[in-house]
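Q: Letter by letter, the chains look like this.
Protein chains: 2
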Amino acid sequence: MPELRKDPIIGRWVIISTERGKRPTDFSSVPPARSTGFCPFCAGNESKTPPEVFAFREPGTKPNEPGWRVRVVPNKFPALQIEGDLNRQGEGIYDKMNGIGAHEVIIETPEHDKKLSDLGEEHITEVILAWQQRILDLKKDERFKYIVVFKNHGEAAGASLEHTHTQLVAMPIIPKRVVEEIEGGRRYYDFKERCVYCDIVTQEIADDVRVVTANETFLAIEPFAARFPFETWILPKKHKSAFEESQKQEIIHLARILKEILMKLDAALNNPPYNFILHTLPLRGDNRSWYHWHIEIMPKLTKVAGFEWGSGFYINPTAPEEATKYLREISIALKK
Amino acid sequence: MPELRKDPIIGRWVIISTERGKRPTDFSSVPPARSTGFCPFCAGNESKTPPEVFAFREPGTKPNEPGWRVRVVPNKFPALQIEGDLNRQGEGIYDKMNGIGAHEVIIETPEHDKKLSDLGEEHITEVILAWQQRILDLKKDERFKYIVVFKNHGEAAGASLEHTHTQLVAMPIIPKRVVEEIEGGRRYYDFKERCVYCDIVTQEIADDVRVVTANETFLAIEPFAARFPFETWILPKKHKSAFEESQKQEIIHLARILKEILMKLDAALNNPPYNFILHTLPLRGDNRSWYHWHIEIMPKLTKVAGFEWGSGFYINPTAPEEATKYLREISIALKK
Chain A
57 MPELRKDPII GRWVIISTER GKRPTDFSSV PPARSTGFCP FCAGNESKTP PEVFAFREPG
117 TKPNEPGWRV RVVPNKFPAL QIEGDLNRQG EGIYDKMNGI GAHEVIIETP EHDKKLSDLG
177 EEHITEVILA WQQRILDLKK DERFKYIVVF KNHGEAAGAS LEHTHTQLVA MPIIPKRVVE
237 EIEGGRRYYD FKERCVYCDI VTQEIADDVR VVTANETFLA IEPFAARFPF ETWILPKKHK
297 SAFEESQKQE IIHLARILKE ILMKLDAALN NPPYNFILHT LPLRGDNRSW YHWHIEIMPK
357 LTKVAGFEWG SGFYINPTAP EEATKYLREI SIALKK
Chain B
57 MPELRKDPII GRWVIISTER GKRPTDFSSV PPARSTGFCP FCAGNESKTP PEVFAFREPG
117 TKPNEPGWRV RVVPNKFPAL QIEGDLNRQG EGIYDKMNGI GAHEVIIETP EHDKKLSDLG
177 EEHITEVILA WQQRILDLKK DERFKYIVVF KNHGEAAGAS LEHTHTQLVA MPIIPKRVVE
237 EIEGGRRYYD FKERCVYCDI VTQEIADDVR VVTANETFLA IEPFAARFPF ETWILPKKHK
297 SAFEESQKQE IIHLARILKE ILMKLDAALN NPPYNFILHT LPLRGDNRSW YHWHIEIMPK
357 LTKVAGFEWG SGFYINPTAP EEATKYLREI SIALKK
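Chains A and B, in that order, give the protein sequences. With this note's numbering applied, the first sequence corresponds to residues 57 to 392, in that order. With this note's numbering applied, the second sequence corresponds to residues 57 to 392, in that order.
Derived by calculation from the structure, the hints in this document are not laboratory data. The structure presented is a predicted model; accordingly, all values stated were derived computationally and were not measured. Certain hints may be false.
Since copy identity is lost for identical chains, a pair holds within one copy or between any two.
As a list, the in silico PhoX-like pairs of lysine-lysine whose alpha-carbon atoms are at most 25 Å apart [what the hints assert, rightly or not]:
| no. | residue 1 | residue 2 |
| --- | --- | --- |
| 1 | Lys232 | Lys118 |
| 2 | Lys232 | Lys62 |
| 3 | Lys132 | Lys201 |
| 4 | Lys118 | Lys104 |
| 5 | Lys304 | Lys104 |
| 6 | Lys152 | Lys381 |
| 7 | Lys248 | Lys232 |
| 8 | Lys62 | Lys248 |
| 9 | Lys118 | Lys152 |
| 10 | Lys293 | Lys248 |
| 11 | Lys294 | Lys62 |
| 12 | Lys104 | Lys132 |
Chain A extracted, bound-state conformation (with noise of 0.2 Å):
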């Protein structure tokens, strides 16, 4: 089983998996063989995954058998585990409870040799509307408080399988980001009586140095205190909380968005390896003033990553309106 285990000091859960522990050889610097041999995300090797939860199928075609363009499954190797109790408890001055949770993969597209970038908006649409279709599922279990939909993209930004895929953790914990963010937010609605991601969107529009593309629901820019290097952020420009209340046509929206950005990203800096995480409202409790969902894409540029990751102090070489002019200056012909 693995643990949920509380820093004592700041606070902050970590996800330690007791059970399959990695061994110091298990982080050998040799890469291991890639776009050779067998993938169990293809199409056709649908049974050499736990049975799938959610797909968006041709008509006609059946569960966990070919057919499908996008395909929900539960993680073979979950971080955490969707039976049992949470069983808080104290060690000693330690807090910690059972690693109680979901870990599914959402399989992007049955084709190997695609990016999500690749995808016609069409097909990026269904992807979002897989996420969405999860939370609202899971969002039922009432030990969750949380989920997470991520994306690791490249070896070097953590992806352990090549075949394009999203990731969502449903936890009974809020990461401590977000639970920064609702406090900051928080903070600075009770001292303006206004959502701080709303006016960052109404002052990046009227500054227009930060702002990399918009359609007529979502801004992307590179935010003013970026950590890394073509940071972008996606944000609705109206006031909108919880991620998985998105109408069909918003969702619409965010598929073009996202893929004009990570085609710019792509041209920009040569496929990077990156990272995507999506930052909704928690489950439970209110906060619905001061929270505005956004996704955060973070390239991983390995050159300028040092120590800051994890430290909490971050150089960044490259000024967002400097990555800003870059991205402007690239015209992506989007098609559906």
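Since the structure of chain A is provided, determine the placement of chain B on it from the hints.
A: Frame of chain A; chain B shown alone:
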């Protein structure tokens, strides 16, 4: 002039180097040629760095000439600039100030092909004494609130020059992680009237499952809620808040345990890239009762580094108790 910019939501300050901004092509994935060619940190090349601000030298040798064992110079490409006023100002809803600070390099040895862990204990003692001397000197500058001492070892950990060195950045802000440690430490103290780090030391010695090694003055542990595999902390066993107030004998003990831990990590993980960061009391203000200085060492095992870095949500595939077993089994013959 570099800028310090504050994230308007969570309040984290970031250094933005606006002058020598990296362009997209600077992030090409081709690593630069290493080990060959000119090194400004080698003995004989003293004129290729800014003039030294401190050194341990053989008797009779002159500054900026060979004969040094440890040499401190300003960083030729500083992240912060020493001259000027802070000029705190707003930009709409955003906050910024001039990037005033000191950025120095502690060259740990004149020999190019040595690692820090290869140096003798007496030599490492001088490296640490050099950190201390520079902190005591820079502390006099009233503009600075914090000095962070850190090391990037290996290209994957962000080291841009191969020749072994530590870096020091004095700045007019306190890094967010340190602020969190102070706030967390104060909360714990308010409740318990004890230092949380002292309680960790007491419990770890009693439990004896996460203690890697110890000596008269220091304890080295794998922390209970470790974010990364083989993350290792070195703490004074007795309550000490400010590293720079250490006695010579304590620094001798620190050199010994640091060398021992680095050698164990080298042996267990095959000379991994790593970062370490000295966490010490801010230069101004009190907080002595609940702050306890320590060093956090984070091996950078790229196969597991995913989106966790920078998201506040960590999945650690190696339980700290397992890592402890591996590290304990490695016996290191320490020699002067």
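Q: Which numbered hints does this structure break?
A: 1, 5 and 9
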